[in-house]
Amino acid sequence: MKIAAAFAVMLALALPAVAQEEAMPPLPHPGWSFDGVFGTYDRAALQRGFQIYSEVCSACHSMNLLHYGDLAALGYTDDEIKAIAAQKQVNDLDDQGNVVQRPARPADAFVAPYPNDKAARAAHNGALPPDLSLITKAREGGPDYVYGILTGFESAPANFKMQDGMSYNMHFPGHQIAMPQPLADNSVTFADGTQATLPQEAHDVVTFLQWAAEPKMEERKTTGAKVMLFLLVMTGLLYGAKRKIWADLHQHA
Amino acid sequence: MAEAKAQNKLVAWIDHRLPVFAYMKHELYEYPTPRNLSYWWNFGSLAGITLVIMILTGIILAMQYTPNTAMAFDSVERIMRDVRWGWLIRYIHMNGASFFFIVTYIHVFRGLYFGSYKYPRELLWMLGVVILLLMMATAFMGYVLPWGQMSFWGATVITNLFGAIPGIGNTIVTWLWGGFAVGNPTLNRFFSLHYLLPFIIVGVVMLHLLALHQHGSNNPLGIDRKGPQDSIPFHPYYTIKDTFGLSVYLLIFAAIVFYWPNLLGDPQNYIPANPLQTPPEIVPEWYLLPFYAILRSIPSKLIGVCAMFGSILTLFLLPWLDTSPVRSSFFRPVYKWVFWLLVIDVVLLGYVGAHRPEGFYIVLGRVCTLYYFVHFYVLFPLIGKFERPLPLPTSIAASVLAREGGGHAPQPAGVAERH
Chain A
395 MKIAAAFAVM LALALPAVAQ EEAMPPLPHP GWSFDGVFGT YDRAALQRGF QIYSEVCSAC
455 HSMNLLHYGD LAALGYTDDE IKAIAAQKQV NDLDDQGNVV QRPARPADAF VAPYPNDKAA
515 RAAHNGALPP DLSLITKARE GGPDYVYGIL TGFESAPANF KMQDGMSYNM HFPGHQIAMP
575 QPLADNSVTF ADGTQATLPQ EAHDVVTFLQ WAAEPKMEER KTTGAKVMLF LLVMTGLLYG
635 AKRKIWADLH QHA
Chain B
346 MAEAKAQNKL VAWIDHRLPV FAYMKHELYE YPTPRNLSYW WNFGSLAGIT LVIMILTGII
406 LAMQYTPNTA MAFDSVERIM RDVRWGWLIR YIHMNGASFF FIVTYIHVFR GLYFGSYKYP
466 RELLWMLGVV ILLLMMATAF MGYVLPWGQM SFWGATVITN LFGAIPGIGN TIVTWLWGGF
526 AVGNPTLNRF FSLHYLLPFI IVGVVMLHLL ALHQHGSNNP LGIDRKGPQD SIPFHPYYTI
586 KDTFGLSVYL LIFAAIVFYW PNLLGDPQNY IPANPLQTPP EIVPEWYLLP FYAILRSIPS
646 KLIGVCAMFG SILTLFLLPW LDTSPVRSSF FRPVYKWVFW LLVIDVVLLG YVGAHRPEGF
706 YIVLGRVCTL YYFVHFYVLF PLIGKFERPL PLPTSIAASV LAREGGGHAP QPAGVAERH
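Just so you know, the protein sequences line up as chains A and B, in that order. Numbers given in the working numbering equal positions in the first sequence, counted from 1, plus 394. Numbers given in the working numbering equal positions in the second sequence, counted from 1, plus 345.
If you're looking for bench data, these hints aren't it; they were derived computationally from the structure. It is possible that part of the hints are untrue.
Calculated lysine to any residue pairs in the SDA-like style (CA-CA distance at most 25 angstroms, straight line) [as the list claims (entries may be wrong)]: (1) 636(A) x 593(B); (2) 636(A) x 599(B); (3) 531(A) x 412(B); (4) 482(A) x 464(A); (5) 730(B) x 454(B); (6) 571(B) x 381(B); (7) 620(A) x 436(B); (8) 615(A) x 440(B); (9) 620(A) x 403(B); (10) 476(A) x 585(A); (11) 646(B) x 634(B); (12) 512(A) x 522(A); (13) 610(A) x 410(B); (14) 636(A) x 747(B); (15) 615(A) x 425(B); (16) 512(A) x 414(B); (17) 512(A) x 440(B); (18) 615(A) x 604(B); (19) 638(A) x 590(B); (20) 610(A) x 506(A); (21) 638(A) x 592(B); (22) 610(A) x 429(B); (23) 638(A) x 747(B); (24) 531(A) x 430(A); (25) 636(A) x 596(B); (26) 531(A) x 436(B).
Here chain B stands alone, though its shape is the one from the complex:
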């Protein structure tokens, strides 16, 4: 990478010794990007920005929050009532968790639809799954901190899952709790880890970006860039497109925070934790419901726990389960429909997870759980093998121009011969 031809002497001085400016110029400014990315490609940057929002609001909340079972609930209410702008910071953080998962799930499904996990982006995808797992752990522990009824009972149910491990299960659960029930030691360690894990997520996000920039973004056509006519520099084209997308996202986010801040929460969590009173229903936050449904669909606790973790770990294997030679579902006449079955399946699982496992919900939950695994372990390899993909366009530029009615590719200023 060439040193930036900086006008500013100080920048040049620093860059000569520590090439941070050259690096930023290379990775954020010149970085060649497929010219045909749709708005589905906005969600990665949205997730990154949401992570920053969560860390900033979280640091401020931690200055006022007290991780003690006798004081945690009231300390959150103190933030809501007596800390200046505390209600805003807390509502942003609380709803930010939901929005983080919304954009991340869309990001994941986009990767699934367009085959972004395939060669040469397997590690990029797998790092993403690691981020998702860390997010779930962080969100779960964060939900425990206000020490409401659902905090306490959710923590009890989820930590008890480890009791399913044969032989040493109960020992592990006691070790996780730091006692013989969910209590003050549990709250303390969850607070500590809830503060730590986001920074580990930042680290994995950096690896995720490093892997991304190695081969660049996939694109809606799923074909490789073949020359400069297929690429545009990241700045200004995608900086402005991402910023516009961010603005739309913030509009929706702000509408929830300012007008319906408790829409996605459970009223039970405004009741202080009471170990002697089980709430009528114990449900996790909405973004964990599909996995909760898988857990409860299986009569054996051990197999249920394995299936729940397995449903996420399965995502690590996608690059090898998918046998199709093409990435984008645009050119996969069968899979482009089957993909939506998975979306429906996961939504239905979420719906089942929110209801008591009785009667119809048990049946539906089992059908959906079965389909989830059939989708990845049976349909994925088989469809890839037997499906006949449509012919791929010769290049990104050719496809873009055909859509816009012919002519030769206009060159964006200064795009040619980078690298």
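In isolation and in its complexed conformation, chain A is listed as follows:
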């Protein structure tokens, strides 16, 4: 019996050693404004991130779950949002039922770069650029992983066989990614004058993507703080009440 127990314990201790996955460099941890229980979204980073999405990513990647009106959360005014939306054209019907194009309005969803997945694949050598609305929640590693991909492009090792049209990325599973390196130093000129280094750009666009995936995070955390405080006080009071009520059982008359 004791031997069996000892065996089980040894087994449990030996597990992590055996559980080694394929060798991947550890993901970078740049540190995020939204980390931790009091973390919030850095508004300036969100706006810079949105600028990168609009000027670079949106050429290939859709964000179907977002509407232009949602950008109010980034600190844009109503007029700014109307102007941002109006840069895109959307299909609509006129009174005769003809399909017409009109400028997008704040209530419209983000206009996708391709009319459908087939068109997107046709333009990308068969690969489908994923929708980015939920990308930071849809990948193991979350924001760190997306940051790792954006900063993880390098030339393939000498003995590594690459397929045509693929790029080498140290953080992508299998290392061959269909996306060419999207960001480099000075890929954009930031409206607020921040220097556009690659780490800065990756950091800002990931902050924006995290907001897109989890737009209610700040509301969630502030509500959580109130709920936790309430529950802590209630738990303390209930503990006192329990002690008091049970006291007569424990007294020795």
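Following the hints, complete the assembly by docking chain B onto the known chain A.
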């Protein structure tokens, strides 16, 4: 049961015709309960309250959710983004499933450790196993509803299990799907059943409580109550103890919901279902992993399916597999250690279930699967037969007082001569 001596005339009027108040007074207020229940006895009420939380949040979610393969994923995201407090309701429901299983598993292991399945509580235990099975079916179908990658592929893998039935397997699978693959008819029926089954669980929970109140709770000593000095009324002693426990539980629950809501989920399920692309690994939710590991440990699909269902159905037989004359493991010098082997075994099975069945995981999975059945079918009967239990205390009150340093049992107000 006596009619409640109600002060309120309306209450008295109703009670004379429909004794609901007398019933509640008898079952929730006076209900005599062993005075020595530990905090391990909190988990039954926690499971019941979690069931209520799940039903309430589920009803609200169903008002906004669309069970159609083209719209389901986006409708969940709409709840997360555009429905007021929708993110809260959805995160409570999503994590509530995990918490439901956490408290239920602790509740089950508590019953195992203290022999709560033994005479005269065999049916109480078996109704509990029925609840567990219904919970698993409900949780599995609920996980399919957001129509993410893991929803779709999990549904495909699990429904395909029925294909292992010789001869008619494929016909049954087609019938379950409502088509030739998991698709819109499957999603529709899973939604319908996911809404229905919780109310069936409520019904079985009521039977579970009825059986419980027939002989009352077991207790850490596993000995029967012998007189009023062994019991205390449920209210206020256990109402306050359960409420305090609930508050601690809600603290942990809230911490997950508000700060780590996706900790227990799989990132793959934030990718819309795609029948043309299999995810790198198909894993069920964590609470089903031990059973998934048993399934995959056996090379034959049919035997694997039988072993997986058998591992749960085995629990129905415990009252007859256990031959020990005493309930509580406190007084079982051998089994009190062997019990923990089962806990370790199930945890290891869960660990194996989360990994691809390759190399070491296959070996570990098979050892653990074998041990699971050996534990119940070999060790259970044998240990009960050969183990020499320690002497049992003469009464609950005597044991409680010995622990507290002697003296005679103080009587809680009004406890004597109930019934």
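Hints versus structure:
Using a Cα cut-off of 25 angstroms, the hinted pair residue 636(A) and residue 593(B) holds, with the two alpha carbons roughly 13 angstroms apart. This hinted pair checks out: residue 636(A) and residue 599(B) have alpha carbons roughly 22 angstroms apart, not beyond 25 angstroms. For the given pair, residue 531(A) sits about 23 angstroms from residue 412(B) by alpha-carbon distance, which is consistent with the 25 angstroms threshold. Between residue 482(A) and residue 464(A) the alpha-carbon distance is near 16 angstroms, which keeps this suggested pair within the 25 angstroms criterion.
Our distance criterion of 25 angstroms between C-alpha atoms is met by residue 730(B) and residue 454(B), whose separation comes to about 22 angstroms. For the hint pairing residue 571(B) with residue 381(B), the CA-to-CA distance comes to about 13 angstroms; that is within 25 angstroms, so the pair holds. Of the pairs offered as hints, the one joining residue 620(A) and residue 436(B) holds, with about 17 angstroms between alpha carbons and a cut-off of 25 angstroms not exceeded. Taking the CA atoms of residue 615(A) and residue 440(B), the gap is about 16 angstroms. The hint holds against a cut of 25 angstroms.
For a cut-off of 25 angstroms, the pair hint linking residue 620(A) to residue 403(B) stands: about 24 angstroms separates their Cα positions. Only pairs whose Cα atoms come within 25 angstroms are accepted, and residue 476(A) paired with residue 585(A) is accepted, the gap being roughly 18 angstroms. Annotation: proposed proximity of residue 646(B) to residue 634(B) holds, straight-line Cα distance about 17 angstroms (limit 25 angstroms). For the hint linking residue 512(A) to residue 522(A), the alpha-carbon distance of about 8 angstroms falls within 25 angstroms, and the restraint holds.
In summary, the hint linking residue 610(A) to residue 410(B) is supported, as the alpha carbons are separated by about 19 angstroms, within the 25 angstroms threshold. At roughly 22 angstroms between alpha-carbon atoms, residue 636(A) and residue 747(B) fall within 25 angstroms of each other, so this suggested pair holds. At most 25 angstroms may separate the alpha-carbon atoms for a hinted pair to count; residue 615(A) and residue 425(B) meet this at roughly 15 angstroms. Pair hint residue 512(A) plus residue 414(B) holds up; C-alpha atoms about 19 angstroms apart against a cutoff of 25 angstroms.
Among the hinted pairs, residue 512(A) with residue 440(B) is inconsistent with the structure: their alpha-carbon atoms are about 36 angstroms apart, more than 25 angstroms. About 7 angstroms separates the Cα atoms of residue 615(A) and residue 604(B), which keeps this hinted pair within 25 angstroms; it holds. This hinted pair checks out: residue 638(A) and residue 590(B) have alpha carbons roughly 15 angstroms apart, not beyond 25 angstroms. Using a Cα cut-off of 25 angstroms, the hinted pair residue 610(A) and residue 506(A) holds, with the two alpha carbons roughly 23 angstroms apart.
At roughly 17 angstroms between alpha-carbon atoms, residue 638(A) and residue 592(B) fall within 25 angstroms of each other, so this suggested pair holds. Of the supplied pair hints, the one linking residue 610(A) and residue 429(B) holds, its CA atoms being roughly 10 angstroms apart against a limit of 25 angstroms. With a C-alpha separation of about 22 angstroms, the suggested pair residue 638(A) and residue 747(B) falls inside the 25 angstroms cut-off, and the hint holds. At roughly 16 angstroms between alpha-carbon atoms, residue 531(A) and residue 430(A) fall within 25 angstroms of each other, so this suggested pair holds.
A hinted pair counts as satisfied when its Cα atoms are at most 25 angstroms apart, and residue 636(A) with residue 596(B) qualifies at roughly 17 angstroms. Our distance criterion of 25 angstroms between C-alpha atoms is met by residue 531(A) and residue 436(B), whose separation comes to about 14 angstroms.
Hint check: a violation occurs at hint 17 only; the rest are consistent with the structure.
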